[in-house]
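Number of protein chains: 4
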Amino acid sequence: MINGESKIARLRWGMIGGGRTGQVGYKHRTGALRDGTYQLVCGAFDLDVERGREFGVNIGVASDRCYADYKELIAKETARPDGVEVVSIATPNFTHFEITKAFLEAGLHVICEKPLFFTVAECEEVRKIAEAKGLIVGVTYGFTGHPLVEQMAMMVKKGMLGDIRIVDLQYTHGFNAGDDTNASEAQKWRTNPKTSGPTFVLGDIGTHLYYLSEVVLPHLKIDKLLCDRKAFIPTREPLEDHATVLMHYDNGARGHLWVSSVDAGNMRSHRYRFVGSKASLEWTDSFPNQLSYEVQGEPVKILHHGMPYLEDETNAIDRMGALHTEGLGDSWANIYLWIAQAIDAKKRGDEAFLKTHRYPGIEAGTEGVRWLENCVRSADAGAVWVDFK
Amino acid sequence: MINGESKIARLRWGMIGGGRTGQVGYKHRTGALRDGTYQLVCGAFDLDVERGREFGVNIGVASDRCYADYKELIAKETARPDGVEVVSIATPNFTHFEITKAFLEAGLHVICEKPLFFTVAECEEVRKIAEAKGLIVGVTYGFTGHPLVEQMAMMVKKGMLGDIRIVDLQYTHGFNAGDDTNASEAQKWRTNPKTSGPTFVLGDIGTHLYYLSEVVLPHLKIDKLLCDRKAFIPTREPLEDHATVLMHYDNGARGHLWVSSVDAGNMRSHRYRFVGSKASLEWTDSFPNQLSYEVQGEPVKILHHGMPYLEDETNAIDRMGALHTEGLGDSWANIYLWIAQAIDAKKRGDEAFLKTHRYPGIEAGTEGVRWLENCVRSADAGAVWVDFK
Amino acid sequence: MINGESKIARLRWGMIGGGRTGQVGYKHRTGALRDGTYQLVCGAFDLDVERGREFGVNIGVASDRCYADYKELIAKETARPDGVEVVSIATPNFTHFEITKAFLEAGLHVICEKPLFFTVAECEEVRKIAEAKGLIVGVTYGFTGHPLVEQMAMMVKKGMLGDIRIVDLQYTHGFNAGDDTNASEAQKWRTNPKTSGPTFVLGDIGTHLYYLSEVVLPHLKIDKLLCDRKAFIPTREPLEDHATVLMHYDNGARGHLWVSSVDAGNMRSHRYRFVGSKASLEWTDSFPNQLSYEVQGEPVKILHHGMPYLEDETNAIDRMGALHTEGLGDSWANIYLWIAQAIDAKKRGDEAFLKTHRYPGIEAGTEGVRWLENCVRSADAGAVWVDFK
Amino acid sequence: MINGESKIARLRWGMIGGGRTGQVGYKHRTGALRDGTYQLVCGAFDLDVERGREFGVNIGVASDRCYADYKELIAKETARPDGVEVVSIATPNFTHFEITKAFLEAGLHVICEKPLFFTVAECEEVRKIAEAKGLIVGVTYGFTGHPLVEQMAMMVKKGMLGDIRIVDLQYTHGFNAGDDTNASEAQKWRTNPKTSGPTFVLGDIGTHLYYLSEVVLPHLKIDKLLCDRKAFIPTREPLEDHATVLMHYDNGARGHLWVSSVDAGNMRSHRYRFVGSKASLEWTDSFPNQLSYEVQGEPVKILHHGMPYLEDETNAIDRMGALHTEGLGDSWANIYLWIAQAIDAKKRGDEAFLKTHRYPGIEAGTEGVRWLENCVRSADAGAVWVDFK
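Residue numbers (the numbering used here), protein chains in the order written: chain A, 26 to 414; chain B, 26 to 414; chain C, 26 to 414; chain D, 26 to 414.
A few of these clues could be false.
[Unchecked claim] Okay, the calculated beta carbon distance ranges per label pair: (1) B:Gly-322 <-> A:Pro-218: 25 to 33 angstroms; (2) A:Ala-146 <-> B:Phe-119: 49 to 57 angstroms; (3) A:Pro-218 <-> B:Glu-149: 46 to 54 angstroms; (4) D:Arg-383 <-> A:Asp-188: 53 to 61 angstroms.
Quick caveat, the hints were computed from the structure, so don't treat them as lab data.
All values derive from a computational prediction rather than experimental measurement.
Even for Gly, the Cβ is constructed at its ideal location relative to N, Cα and C.
For reference, chain A alone in the conformation it holds in the complex (with noise of 0.2 angstroms):
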């Protein structure tokens, strides 16, 4: 159970994006400030350059390092002793690429949201500097720091399901049902491909199944796919609100997948089902303190987090306990950890350790965009099948 102690030194830790106006630059700080793991120490926070030092300010940043712009920032930074060590780029899709490439080549860790960039070359290029830098990219899949996304890799991993057979993934909100008109600027920019990227919803939503899936289930891979996409709202095109996405996996096995933003009315989120040959497992994140088991014969087990009959793993990961609810900031306190972890390890050379140890990292966002990439590609030609390549 993690109780805040920690051997790893402080982290001395940056932001771009995240200001007043954005939604998940508090689940960055929630994340990465839980046990002190991290320590903000200067921003780039807002384009709006004095309502973000302002805002920095407040979250108890000093005032001359809450920077203009990510430029600023490593110029400033880099010069000083104690200068930032990794930074959290929240920002919007088209903006990743610079930005991870630019801290990458000053010498900093980055953390990025999802998804990472627009193309698998962006993303093997990262990748190289990243490894010839002796850097970690971290990306911010937020959801799979709960225990009980260990709890269901855990059990596929020891053979409790048997032979996966189906992937049953839905990532579904009706919040972009009406069109755009009063759209956000949060809202507009993931609508324009010239910001968001090839997709909407499939990068936006879509990617953060795809990823829990991989974690469940590392062993399978994707022989084929087809996606059918479609924008409800026809402004949104040539990107796509809705999109149904079947895979075939290498072992036979079936998946499919639902992600859409005009789900009118759907407050349940995302939802997996991993169906295997002997028993199934069911969780979502609306629920995430529990899970549902299922063996074909016998009565449905529901397991409640923090339990000890879990797996010793899952319980290492728990924070509150059994009977005392977690939320999505504990589980993103876990990623933001995890990529801690994966930090300390790099700076020690400690290769092995970087091995075996879970977090989402440069592989895991060049995968989700691998995905996006054969997704649209199938949709593209019209939602025919593509060898995932």
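Take the given structure of chain A and dock chains B, C and D to it, following the hints.
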């Protein structure tokens, strides 16, 4: 509210199949005998003639009206002045066509299990005979008699969902997750194309999903469809124990559907979600007495059966009243009542009534088979898009 | 599994009350007529004699066997060679005693609504008559026919809960949250002590809780009890629309119970929790097809009706089979079947069968009235503890 | 919506208890350190001084500010110019009074676990000291920071429920269903009156129910009360592991409450139902992000946290936003923030702010102890009604 009062003369009713070793026969009798609309007068209940006769007597049929097979039933009953008027067929799929034709030609109304026949051509042939003879063919889509199914249809009709955008359907269970080594007879014929027809789960459970969606969305037609099917237990090939279907509707809506009998441990039966531009409805057969009505931006509303705020049409078919649960038997009772009303109208020559009367008849049965034909055509061509025809 | 087969000769059955304006009459008919165990041959369905006759004819009773009242019914039916054998009483509480006695004295079996009578003394008097005449008195505690109620009783009997410690019962709704200005006739008689007896909600819904708890925990007896009752709508005084009852059982267990008809908006009907030293069971009539079995320190287990892992006794009374919902009508059908089996045994003189046969009879009805007497005695003394007697 | 911005100067904060072997200490740190409102500068974390020092260092406290006990902490810290300002007490109940008094007399604000002290007299004494010194005493009723608790309070305040009639409270679990043979230290002190005070579960979990009901229903006062308590594990006597409490409020409302730690297998934690003449609210800590709002005669409404239709006061304290789960840590963060705001106001002499500011302070702690005193008085007199005083 239904209280059993009726002006329809009691129908003399018989059954083919549905004996001691079957499960579905009891559902037919529960539906038919609920309010005395039908009187069970004869049957050929079992391939084992003596067992069938003993069974018939135990459920109140005269010994001499327990017949060896449908042919004897026709011969003897049509010779009686008080002979049977309508017969239900609860035998394996491959017998439906032959038996239905024989009954119609003998001047008897028919109520048949789904999937109705193997081909649309057979359906068309039967339809012509029925029309020529002035007889009704009912199909026991037994889940569509629940009051809240009617409520969904009425809400869609009144425009409360806006334009329909998404149709999300699922009917999965895990009772065939293991292989068929110890399969019952009822299971064996279902996985043999000679006895089951061109599909297993698509026909066995998928047609329920499709018909219910037609009841709720009568104005939507499928333009094209893609079906991906698979037998996780290879001995079931070329039939499937798992399938996904994507559908494009003529109004631009998107549909997706999942059927499986290898969804290990899943006890949630079937589930329907209808998403419109304004609101969504979600209903499941597992908890048929409540309906989730979700308007984007408003609290989720849970509607309960039997309440005054429901549509008049909904409460007109309620049997138990608010707070008192209805089950599948109540739904079957409505289906059988509606078919009786159709038979009664046909007898009276009341075609005006029949035009607007909702009941699962030959058209519903035909459309189910048509949908299966399209699914198989797509699947067998490699899970490609096919124009619906 | 029940499939309608029976060796019991069909009982000639009549009803007092239960006509067009009542709600409960249809539940009686649904229960009795399900499998042809009873045949409805006569009735006095309505205080409005003509309406009652029209109603009777519409539900299939011969016009000349639709009587003006129970006295005429007795006079005419006992004069027939094929006269009625058993009569159900679905009239207001204050009439139960008089009508029951009259039927018993005329040699007819009786099935009566709960609460049975006003006093234990009346119950004892009726019991003596029934015993002397060799007749059965059934009481329609209609919720106790659900298979999972039997499952709870069997699990307790087998010691799976350990020593019973806590009994937690609730049956509340809000249909009387407003005052009675526009109350229906059915509501008016319930809040008048002359017609309802010494209680309103305690008798109307609380007796269901108490009887079901007796079925599950037959070995527990109440030592003492405290009842606090109140009429939130003052015109209902001295009767109550809300009450809480605390109970001490003879084994040291503690019970608490809440009944209310002013629990605004509550649609969850009744709920039962039985806690033992090893495990607990929780079941609700709202979702009668599943049962929560909770062993401390293990995952919560959800049991579904119709599954092979249930007790044989449970599946013996299942009607629809796994995955197919049962509703209140199925439970009533079991109750009526069990009463028919009791009548049949009584006719055959099979007292051995009657000793172990579970059905809600005169003892159950008496114990319900006894419990009400103790509740009222406590409440009227100022909600103090009273020894149960 | 809370995003971490603050104008309050960071408070220098210390802890007594809450070390490696405790569970609640991490909840305090999660709450206090969330947004940098507090800075942990010192502590006496453990009776095992060395283990406490190692722990303190691991969570970022300077080694020389990890003290042996609260006395040393006071001595050393009050001598520093940058000494601690506020201290949290997470030690067994019997130490609360002595330590709180010592800190107040040393001029430090205090945040203390519940139940606050053993007697109302102790509470009054502490209140006087705090007032004289101009210091705040906060009490960590950690569940009352959830946004939907605020929503309930606002809806009651606006009259959306009408007159309150029924208060139904439950906090039960089964973690003490077995005996205490292998009990942890944390468990042992809780069942010993010397260390736990006059109650076990009533104080340990019942006070949470009571305080939350006060937050939602501040206008209701208890007139009289009856408490029935029992130790199912006899070694816990004279304390209780199970209790029921009946309450009469001054407006005529009725309350009932159930607390237990022998409710085997129950994982639903606490549950609240507030019933008014118009509508009801139901909320549970197990699923804190949704609230059931039930108006009689209307569909049940499920409200979700973070949605625009909630009260402004509710959304003002939301942290994660709609669709993103909040957990117990988010609630504690609000509690600690509110106490910080109280301390800040006290420092500024802003008594007007303090008059309307909701936070669990000395009054809340006192009322909890008063409620326990009344419960014990009733229970020990034989579970009789007592006037609340």
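If you check each hint against the structure, which ones fail?
-> As far as the earlier hints go, not one is violated by this structure.
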